[in-house]
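Novice: For reference, the chains in residue letters:
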Amino acid sequence: MMKATGFIIASMLILLFLLSSGWCQPQAPLDDEEAEFEAPDIVVGQRDIPDRETICSEVLNNARFTISHQFSYKTKSPRKVVTNRLALQMKWEQLFGESYYFLLDGKTTLFTGNDHQSEADDEDYEIRTRLREGYIQASFGRLNMKVGKQIVVWGESEGAVVTDVVSPRDLSEFFFTTLEESRIGQTMVSVNLFSWASQWTLLINPDPRTVEEPDRRTEYYLELWDTDLFEVIEEEPDETDTELSFRWKRTFGKSDVSIMLAHLTENQPVFRFTGLTSTDKFMLIKEYGSLKMAGVTANLSRGKFLWKCELAYKSDRSFQSLSLAGNIDPAEKDTIDAALGLEYNANGAYFVLLEASNQLIRDWSDDIQGTRRNQSNLYGSWSKLFIYDTLTLGYSFYYQIQDRDSFHKVNLSYGFTDNFMGSLEYGHLYVRDKDSLLWNFRDQNRITVELEYHF
Amino acid sequence: MPRFVILFFVIFVTFSTSFGFAEDAREIMRNLIDRDDGTTELTRIRLSTCRYKKEGKRVVCVETPRTKILEGVRKDWGPRGKDHKTITMVLDPPGERGIGFLQYDYEKWGKETDQWIYLSAMGKVKRIISGNENEPKTGSFFGSEISYEDMEAHHLEDYTYTILASETYQKRPCWVIESIPIPEHARRSNYSKIVDWVDKERFLVLKSILYNRQGKKVKRVTARKPELINGIWFVRYVLISNLITRRMTVMIFEAVALNIPIEDEFLTQRTLTDGAFRESTLKRLRLYLK
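If you read the protein sequences in the order shown, they are chains Z and P. For the first sequence, my numbering gives the first residue as 1, with consecutive numbering after it. For the second sequence, my numbering gives the first residue as 1, with consecutive numbering after it.
Quick caveat, the hints were computed from the structure, so don't treat them as lab data. These numbers come from a predicted model, not from an experiment. There could be a bad hint or two in this list.
[Said to hold, decoys possible] Quick look at which bits of chain P chain Z covers, simulated, 3 or more residues with Cβ under 8 Å:
# : segment
1 : 58–71
2 : 84–96
3 : 120–130
4 : 139–153
5 : 263–275
6 : 279–285
The beta-carbon is built from N, C-alpha and C at its ideal position, and this holds for glycine as well.
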């Protein structure tokens with residue numbers, strides 16, 4: 001019986017092999033499904049580029065809108081809704097005449113009552129509008145000039161801030177936002193000169209902005225100074241301290257190289273003790289120093305790999321100092337910042353990015369708070385497309401080497417149609433040490449759902 | 001990051017040609033590759049992809065097609081005019097509008113393509129990599145049935161050629177030519193064989209059948225509506241159907257301009273970031289579109 005069964009199975013396997021290898025099939029014609037596409041009357045979706053005949057339709061054609069809803073939930077105790085907000089974003093680009101180009105990019109957000117931004121203000125809802133960018137650009141020959149609110153992105157690194165220091169960031173959503181979303185526009189003048197393979201850029205920023213920190217009582221707000229003991233007076237950046245930045249960028253074969261020089265306002269504040277208030281509190285001035293930077297970036301592509309590096313020397317950076325004698329003052333130090341990264345493309349199957357970065361503070365003093373002499377980070381990401389590029393699965397991590405803190409993010413996004421997208425994201429923070437800078441955020445894991453409709 | 005820029009060598013180039021007397025299969029293919037396709041080009045392309053079924057004599061989508069509208073500019077350069085610089089911008093859908101790609105392709109065998117991407121949300125030009133040239137590429141162009149290999153330069157030396165038959169297709173007399181990759185190319189190709197139907201009188205490829213590495217038919221590419229534009233045959237309508245997944249992509253060249261004056265500077269990174277320069281140049285070039 002066993003022998004007979006074995007014989008039958010073996011025969012079937014041989015038959016299957018022969019069939020799959022094409023044995024005993026008749027000689028096929030060159031294209032045996034010829035008839036199927038004989039008729040060219042193929043029905044596909046028709047969506048025309050709208051008529052551009054009138055000024056009104058041209059203006060509308062050059063505008064695009066996104067309606068989105070974001071909902072997120074904190075998954076560690078105390079569990080709660082963190083964000084529940086509806087947003088309308090408009091981006092409008094328009095050419096005027098032959099040489100003038102106008103761009104407007106703004107977003108209005110409705111924060112519902114259980115969103116942490118509304119909760120912090122005890123409001124049933126809040127509406128805020130932000131102009132991300134709004135500028136006019138003129139182009140003449142090899143020169144262009146841009147005036148207005150604009151975002152400037154420098155550097156090669158995606159996980160570290162080495163030379164990407166011009167545009168400050170909005171930190172009100174902590175790690176739970178994209179780098180692109182967090183950038184803050186500044187009103188400035190930029191001038192670009194293009195030669196064959198080089199680009200020369202000069203930025204003049206008379207009104208520097210700084211990092212936007214989480215508002216008091218919001219989910220990611222951190223009270224640095226006990227309000228019973230300290231009174232903090234905010235000092236705006238000095239308006240006479242215009243930021244000046246210069247970049248030269250050139251492509252050499254498989255490599256792009258940039259050199260930057262900049263005189264900037266610090267994006268992060270420091271505090272200075274100035275005396276006692278009338279209520280006997282310690283009075284602190286919150287101020288922003290200035291820094292000078294000389295930096296270089298380069299990339300090099302080789303087959304599946306793209307190498308990226310950045311190096312910057314920053315002088316007169318301001319760090320918070322707190323001495324044993326109780327002095328609270330900024331300490332000016334020079335730093336050497338560096339990042340090295342590698343991107344890998346598995347021939348379209350998936351994509352990987354790994355980056356290592358370090359900030360070295362020269363002439364280190366133990367009085368300096370909130371950072372380390374060497375602050376080293378690892379950043380990595382992996383992504384893969386599925387279902388004809390409609391589904392994307394991504395993972396990214398950030399690891400702080402000295403504190404051994406890490407943040408992990410898994411993201412799944414799907415395009416239901418060409419215009420309607422949905423995403424699901426989970427962010428998890430590991431903080432091991434009570435002395436860690438992130439200890440206060442150790443429970444901030446959250447899951448986020450977002451729906452977007454573009455039109 | 002996959003290649004996004006449009007270089008329709010397998011599909012477009014082999015469908016658009018004009019040449020003289022062909023002695024044998026290799027000579028026919030040489031003329032296809034070396035044909036005059038214009039030194040510059042501006043196109044607006046609609047790319048629609050869906051699962052399909054046959055309904056009577058019509059082939060219809062069984063789902064809402066995914067559609068992209070792209071605008072592309074090409075300029076030839078290099079010692080033989082066979083290197084290509086291309087800029088491609090996404091016009092639609094709205095969520096992807098503003099994405100731009102710059103690509104430099106080289107005729108020299110083994111010289112890797114240079115590619116950059118600009119995402120308006122990202123706010124900077126980023127160099128991207130297309131992967132190893134010595135292995136088969138996976139993934140597709142915007143989720144369509146056009147693979148990245150379909151868009152790569154077709155080198156004459158990569159294949160051996162045979163005329164299989166002479167037969168009538170689309171009421172036109174055609175040569176049927178088989179292209180088999182040489183072992184070095186077979187290692188990095190997703191196809192084990194390509195069969196082309198070449199119009200003997202108009203010298204156009206009207207159909208291609210592509211076979212996968214297992215030797216099974218995987219794609220059928222058919223051409224419709226060829227037009228003579230500035231003395232160059234140009235196919236307006238290309239259908240790529242995947243015979244295994246039963247999905248198809250219809251690529252329609254809605255507007256075309258060939259041999260128009262395009263400055264070298266337009267095919268640089270400046271075009272990705274300088275909105276005034278890009279839009280004013282395109283406004284002028286669009287006047288040539290047919």
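Novice: How does the coverage statement for the segment 263–275 of chain P fare against chain Z, requiring three or more residues with Cβ below 8 Å from a Cβ of that chain?
Specialist: holds (count 7)
Novice: Taking beta carbons only, do three or more residues of the segment 279–285 of chain P come closer than 8 Å to chain Z?
Specialist: holds (count 3)
Novice: Check, residue by residue, whether the segment 58–71 of chain P contains three or more positions whose beta-carbon lies closer than 8 Å to a beta-carbon of chain Z, and give the verdict.
Specialist: holds (count 10)
Novice: Taking 8 Å as the C-beta cutoff, is the stated coverage of the segment 84–96 of chain P by chain Z satisfied by three or more residues?
Specialist: holds (count 5)
Novice: Are 3 or more residues of the segment 139–153 of chain P near chain Z, judged by a Cβ distance of less than 8 Å?
Specialist: holds (count 6)
Novice: Report holds or violated for chain Z covering the segment 120–130 of chain P, Cβ cut-off 8 Å, minimum 3 residues.
Specialist: It holds: at least three residues are needed, and the segment 120–130 of chain P offers 9 whose Cβ sits within less than 8 Å of chain Z.
No hint from the list above goes unmet by this structure.
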